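Given only the sequences and the hints, what does the whole structure look like? Please build it.
Protein chains in written order, with our numbering: chain L, 1 to 179; chain S, 180 to 366.
It is worth saying that the hints were derived from the structure and are not from the lab. These figures come from a predicted structure and were not determined experimentally. Think of the CB as a built atom: it goes at the ideal place given N, C-alpha and C, for glycine as much as any other residue. You may find that some hints are simply not true.
Claimed, not checked - Chain S regions said to be covered by chain L (calculated; three or more residues, Cβ under 8 Å):
id, stretch
1, 196–209
2, 296–304
3, 346–358
Stated by the list, open to error - In silico contact screen, one side only, chain L against chain S (beta carbon under 10 Å); selected entries:
id, residue
4, Ile71
5, Glu73
6, Gly87
7, Val97
8, Val116
9, Lys119
10, Ile149
11, Leu160
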Amino acid sequence: MNLNTQEPISEKKHHEFLTENTDFEVRSLDAVCFNESELNHPWWYNFKYAIAGLLFGVILVKAEVISWFRIQEMFRLQSFHMYGVIGSAVAVGMLSVFIIKKFKIKTIYNEPIEFVDKKLNKGNIYGGLLFGFGWALTGACPGPLFAQIGSGATVIIVTLFSALVGTWIYGYFREKLPH
Amino acid sequence: MLEWIKQPWPWYVAGPLIGLTVPALLLVGNKSFGISSSLRHACAACLPANIPFFKYDWKKEIWNLFFVAGILAGGLIAAQLLSNPGPVQVNAKLAEEMVTYGVTNYEGLVPKDLFAWPELLTARGIIMMVGGGLLVGFGTRYAGGCTSGHAIMGLSNLQFPSLITTISFMAGGFIVANLVLPFLLKL
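Here is the structure:
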């Protein structure tokens with residue numbers, strides 16, 4: 001009963017907090033922290049995310065999403081495969097989010113599920129283009145990088161390390177970049 | 180059954196399963212699907228260097244690092260136990276073009292002719308592996324997400340900025356794959 005009166009307050013706080021920042025990632029991080037503070041699970045509760053990741057990794061490999069050749073076919077319009085994978089993933093994701101919102105479904109720990117609106121900034125275009133360049137070169141987005149290494153392409157450790165350096169460089173120059 | 184699993188999975192099986200990652204993470208712990216943030220958390224954990232962008236409690240985001248560790252393990256399991264013994268089937272036109280660059284090995288999903296340790300000694304290899312990696316890391320963070328965070332999670336949540344970002348990803352990829360790689364691969 002008390003929950004009903006408390007929820008709108010936390011919601012409001014949450015959103016006030018979120019309007020302060022233009023970087024989606026920062027906002028989502030803070031939003032998660034906001035939720036996390038209410039639950040104090042032991043660290044090994046995180047293994048359920050490792051299991052989710054494991055299943056996701058198997059799918060990436062078996063659907064050949066981690067293949068440089070599949071990515072080249074996508075960007076050359078030589079195969080429908082990747083469009084089918086991403087398109088049907090989005091369709092299922094959209095339907096799931098719709099159902100969760102519509103029926104106000106809660107997490108398995110009975111917490112409300114929250115969504116954060118993203119705010120458009122120039123980084124979406126500039127950063128998006130730069131990532132697109134890298135995606136065509138490496139044939140991998142961040143998820144497949146991990147799966148490629150796991151599948152035995154050890155040299156991709158170099159690419160993953162470069163991606164870490166790229167992320168760090170972005171953090172270093174962030175204030176000077178147009179957003 | 181195992182024989183079927185070992186074959187490459189068609190898009191209409193893999194795509195919906197990838198899509199189910201979105202509700203799975205939301206239901207299990209209110210987490211928005213995203214992968215590139217893990218790179219930021221790793222920076223925050225290892226070398227924050229007093230940069231404001233890396234000064235936050237990364238330990239609260241550790242679920243994301245567990246998730247990517249899981250992806251790595253999944254890659255290992257799929258390659259060791261469930262792998263397709265045959266070569267990667269590619270579009271005939273692509274294969275025809277690849278021959279002109281000396282790419283003829285279709286044994287692995289990652290082409291051994293381009294991504295191998297000795298290739299790091301060539302200009303082509305450095306540009307593709309090191310340069311490409313830098314662009315992936317810098318670009319995803321600048322855009323505020325990657326294919327999972329924007330194209331899948333963002334579009335699932337009907338976010339207009341994610342649509343713009345996804346279009347930018349594709350535009351960047353089309354430019355490099357069609358206009359830059361034909362020259363780069365000849366190096």
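Was the hint right that Val97/L lines chain S, CB cutoff 10 Å? holds (5 Å)
Holds or violated: the hint that Gly87/L contacts chain S, with Cβ atoms closer than 10 Å. With a minimum Cβ separation of about 7 Å from chain S (threshold 10 Å), the hint on Gly87/L holds.
Checking C-beta pairs, does the stretch 296–304 of chain S have three or more residues closer than 8 Å to chain L? holds (count 3)
Taking 10 Å as the limit, does the beta-carbon of Val116/L come near enough to a beta-carbon in chain S? holds (7 Å)
Against chain S, with CB atoms and a cut of 10 Å, does the hint on Ile149/L hold up? holds (6 Å)
Given Leu160/L was flagged as interface, is its beta-carbon under 10 Å from a beta-carbon of chain S? holds (7 Å)
Let me know if the C-beta of Glu73/L comes in closer than 10 Å to any C-beta of chain S, holds or violated. For Glu73/L, the interface hint holds, since the closest Cβ of chain S sits about 5 Å away, which is under 10 Å.
Hint check: is the beta carbon of Lys119/L less than 10 Å from a beta carbon of chain S? holds (6 Å)
Check, residue by residue, whether the stretch 196–209 of chain S contains three or more positions whose beta-carbon lies closer than 8 Å to a beta-carbon of chain L, and give the verdict. Answer holds; 14 residues pass the 8 Å Cβ test.
Quick one, is the Ile71/L hint okay against chain S at 10 Å, beta carbons? holds (8 Å)
At least three residues with a C-beta closer than 8 Å to a C-beta of chain L: is that true for the stretch 346–358 of chain S? Holds: 12 residues of the stretch 346–358 of chain S have a Cβ under 8 Å from chain L.
Going through the hint list in order, the structure satisfies each hint without exception.
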